[in-house]
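*Asks:* These protein sequence lines are chains A and B, in that order. So the first sequence is numbered by the numbering used here: it starts at 87 and just counts up by one. So the second sequence is numbered by the numbering used here: it starts at 3 and just counts up by one.
If you're looking for bench data, these hints aren't it; they were derived computationally from the structure. Nothing here was measured: the structure is a model prediction, and the numbers come from that model. Incorrect hints may have been included.
[What the hints assert, rightly or not] Going by beta-carbon spacing under 8 angstroms, a handful of chain B positions derived as facing chain A:
1. V70
2. S74
3. D76
4. L92
5. V93
6. N94
7. L104
8. K115
9. L116
[Unchecked claim] Non-contacting residues of chain B with respect to chain A, defined by C-beta distances greater than 10 angstroms in every case (computed):
10. Y64
11. R71
12. G149
13. N206
14. A252
[Claimed, not checked] So, partial list: chain B residues that the calculated Cβ filter (under 8 angstroms) puts toward chain A:
15. E10
16. G95
17. H100
18. N105
Ideal Cβ placement from N, Cα and C applies to all residues, glycine included.
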Amino acid sequence: MAQGGSRRGVASRAYEFLLRPEASVIVVSVALVIYFEIANQNFLTNANVQTVSQFVAAPVIIACGEIMLLICREIDLSVGQVFALAPFIMENVNDIGVPVPLAILAALAVCALIGLVIGLITIGLSVPSFITTLGMLFLITGLTLTISRGYPANTAGGPWLTGIMGEWAYSEIVWALAIVAIMHVVLRHTRWGLHTIAIGGNITAAAEAGIAINRIKIGNFVLTSTLGGLTGLLEAFRVGSIDPLAGGSNIMFLGVASGVIGGTAIAGGAGTIIGGLVGGIMLGVMQDGFTLQGINAFTFDIIIGAAILIAMVANIHLARLRSHAPRGGAR
Amino acid sequence: MSEAIRAENLVKTFGSVTALNGVSMRVERGETLGILGDNGAGKSTLIKILTGYHQPDAGQVYVDGKPVRLGSVDEARALGIECVYQDLALVNGLSIYHNMFLNRELLWGGPLKLLDHRAMRRRAAAALDEIGVAIPSVELEVGQLSGGQRQAIAVARAVSSNARILLLDEPLAAMGAREARLIIDLIDRLRGRGDIAIVMIAHNYAQTLEICDRVMLVQHGEVTFESHAATTSAEELLDIVRREYRAARAG
Chain A
87 MAQGGSRRGV
97 ASRAYEFLLR
107 PEASVIVVSV
117 ALVIYFEIAN
127 QNFLTNANVQ
137 TVSQFVAAPV
147 IIACGEIMLL
157 ICREIDLSVG
167 QVFALAPFIM
177 ENVNDIGVPV
187 PLAILAALAV
197 CALIGLVIGL
207 ITIGLSVPSF
217 ITTLGMLFLI
227 TGLTLTISRG
237 YPANTAGGPW
247 LTGIMGEWAY
257 SEIVWALAIV
267 AIMHVVLRHT
277 RWGLHTIAIG
287 GNITAAAEAG
297 IAINRIKIGN
307 FVLTSTLGGL
317 TGLLEAFRVG
327 SIDPLAGGSN
337 IMFLGVASGV
347 IGGTAIAGGA
357 GTIIGGLVGG
367 IMLGVMQDGF
377 TLQGINAFTF
387 DIIIGAAILI
397 AMVANIHLAR
407 LRSHAPRGGA
417 R
Chain B
3 MSEAIRAENL
13 VKTFGSVTAL
23 NGVSMRVERG
33 ETLGILGDNG
43 AGKSTLIKIL
53 TGYHQPDAGQ
63 VYVDGKPVRL
73 GSVDEARALG
83 IECVYQDLAL
93 VNGLSIYHNM
103 FLNRELLWGG
113 PLKLLDHRAM
123 RRRAAAALDE
133 IGVAIPSVEL
143 EVGQLSGGQR
153 QAIAVARAVS
163 SNARILLLDE
173 PLAAMGAREA
183 RLIIDLIDRL
193 RGRGDIAIVM
203 IAHNYAQTLE
213 ICDRVMLVQH
223 GEVTFESHAA
233 TTSAEELLDI
243 VRREYRAARA
253 G
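Given these sequences and hints, build the entire structure.
*Replies:* Written out as structure tokens, the structure is:
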């Protein structure tokens with residue numbers, strides 16, 4: 087939103103840009119890449135960039151859904167469990183003779199249905215989504231374990247389809263970037279996105295204006311579950327096997343953290359999809375970089391945890407600075 | 003001047019509490035009516051009936067002289083009745099132009115239905131210009147504005163969405179002198195257009211007498227006084243309030 091501000095000086099524009107959460111995260115990510123490249127010559131090799139892109143893709147796709155929910159003051163804690171369930175639905179539907187592409191669609195439909203159920207319970211019974219999805223988290227884990235009987239399985243499908251769905255080294259990141267592009271347009275350039283922000287910003291004002299609050303919230307639950315299922319399918323095809331304990335809360339929190347690091351307000355009303363992408367990239371770079379450094383697995387979690395904490399605290403304070411900036415329009 | 007809205011003998015009870023006990027009022031186009039009264043006197047019940055939020059137990063509302071049924075907020079809005087609340091109306095995190103077009107956004111791109119930000123910016127700026135509200139840029143977030151500016155934006159939104167009967171709920175509450183001046187001038191300009199009727203609820207007698215053409219005092223669900231503002235003083239109003247208060251205590 088830089089239009090209408092041609093009178094502003096370059097310095098104040100630069101200051102405003104740097105106050106944007108996306109910008110500061112990009113700066114930090116670039117610094118991290120430089121550091122890892124210097125400390126370890128292998129960071130920018132083709133093989134490692136592939137690895138980083140695979141670290142990044144899944145949390146970013148999950149983040150796209152969680153950002154929409156966080157903006158309208160909801161959250162989905164069970165998306166990581168839907169991630170694990172989706173491939174097993176696909177496998178079971180495929181086993182009864184349905185071709186793989188249709189089985190994929192069936193799995194996504196089941197995920198969408200789960201999102202619908204979460205939305206209906208949350209809205210219809212006025213339960214905080216934190217509680218609804220906490221319950222669903224355990225419920226879906228049980229469902230996945232029952233369907234799989236606790237055993238991993240192999241993915242089906244021909245080489246062509248498997249390639250598109252995740253086996254080709256860069257396919258998952260291409261999916262992620264495509265979803266980011268679409269969701270960015272949805273959030274910034276459609277009524278759906280604008281109304282999602284309005285609901286989180288001032289639900290009374292949104293209701294006064296006649297916005298269909300329930301429809302939008304439920305829709306965002308459906309979206310998040312479906313994206314969670316898609317991510318689970320992509321990961322399954324990439325790895326070539328399905329694990330009933332894949333994904334889980336870890337991938338969900340990485341998605342939420344990506345969004346929050348990228349500037350999504352946990353209290354709703356503000357956030358960007360691009361922020362989720364750069365937040366996810368930063369997490370991926372750190373995870374991969376510290377792994378290359380050969381840091382002890384236990385210290386690794388301490389460092390990552392501390393880094394996530396610092397990044398989120400920093401952005402909450404940046405948001406405060408931004409809201410006190412004399413001019414703006416930047417969100 | 004022609005009559006914009008008229009209410010006759012409105013009665014509304016909530017359980018055993020009688021909120022309105024036969025209240026009548028009328029406002030002409032180009033006129034400003036101030037409704038004064040204590041909390042619980044029935045002012046907000048009256049406003050909520052006029053905005054379609056409550057339905058009266060008895061009595062009738064007329065818009066442009068025709069009897070109407072205000073069954074919902076949407077029905078009232080369709081008749082050009084809009085209530086502006088100071089703090090409830092706007093979304094802080096959104097720009098001025100997004101707020102002004104909230105839920106009636108302009109679109110482009112045919113079946114893609116994308117937001118036409120450019121057209122909304124232009125039209126919002128034009129709408130603010132038209133009623134003389136000076137804001138540096140419609141891209142500013144509403145959260146960065148002062149209370150008076152926010153109120154002006156909310157009024158501008160109502161006017162630009164074709165509201166011709168404006169109900170202002172405490173438009174000057176919690177405002178400094180300069181901020182209040184902004185809104186008083188805006189109300190003056192809207193009255194000057196001649197096609198809008200304004201009903202404002204207020205607490206401050208002197209301020210209300212300054213702004214409005216007529217004032218009305220509502221106490222315990224009844225209209226106890228009604229007169230032209232020019233011939234009324236704040237002391238006179240206070241006297242009536244005190245007298246009624248003593249009578250209520252004696253009774």
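*Asks:* Each hint: holds or not?
*Replies:* Okay, the hints, checked on the actual structure:
With its C-beta approaching chain A no nearer than about 20 angstroms, B:V70 sits outside the 8 angstroms limit, and its interface hint is violated. A cut of 8 angstroms between beta carbons decides the hint on B:S74: the least distance to chain A is about 11 angstroms, and the hint is violated. Proximity of B:D76 to chain A holds as hinted, the smallest CB-CB distance being about 7 angstroms (cut-off 8 angstroms). Because the beta carbon of B:L92 sits about 6 angstroms from the nearest beta carbon in chain A, less than 8 angstroms, this interface hint is met.
Taking 8 angstroms as the C-beta contact cut-off toward chain A, the hint placing B:V93 at the interface holds, the least distance being around 4 angstroms. Interface restraint check for B:N94: the shortest CB-CB distance to chain A comes to about 6 angstroms, inside 8 angstroms, so the restraint holds. The interface hint given for B:L104 is met, as the beta carbon of that residue sits about 4 angstroms from the closest beta carbon of chain A, less than 8 angstroms. About 7 angstroms separates the beta-carbon of B:K115 from the nearest beta-carbon of chain A, less than 8 angstroms, and the hint is met.
The beta carbon of B:L116 is positioned within 8 angstroms of a beta carbon in chain A (closest approach about 5 angstroms), and the interface hint is therefore held. For B:Y64, the shortest C-beta to C-beta distance to chain A comes to about 25 angstroms, beyond the 10 angstroms cut-off, and the non-interface label holds. The Cβ of B:R71 sits about 19 angstroms from the closest Cβ of chain A, beyond the 10 angstroms cut-off, so the non-interface label holds. A cut-off of 10 angstroms between C-beta atoms confirms that B:G149 is not in contact with chain A; the least separation is 15 angstroms.
Listed as a non-interface residue, B:N206 keeps its Cβ farther than 10 angstroms from every Cβ of chain A; the least gap is roughly 25 angstroms. Here B:A252 stays apart from chain A, with its beta-carbon at least about 41 angstroms from theirs, past the 10 angstroms limit. Taken as an interface hint, B:E10 does not check out: its beta carbon lies about 28 angstroms from the nearest beta carbon of chain A, beyond 8 angstroms. Residue-level restraint check for B:G95 holds (minimum Cβ-Cβ distance to chain A is 4 angstroms; threshold 8 angstroms).
Nearest Cβ of chain A to the Cβ of B:H100: about 6 angstroms, under the 8 angstroms cut. The hint holds. A least Cβ separation of about 4 angstroms between B:N105 and chain A falls short of the 8 angstroms threshold, and the interface hint therefore holds.
Comparing the model with each earlier hint shows violations of hints 1, 2 and 15; every other hint is respected.
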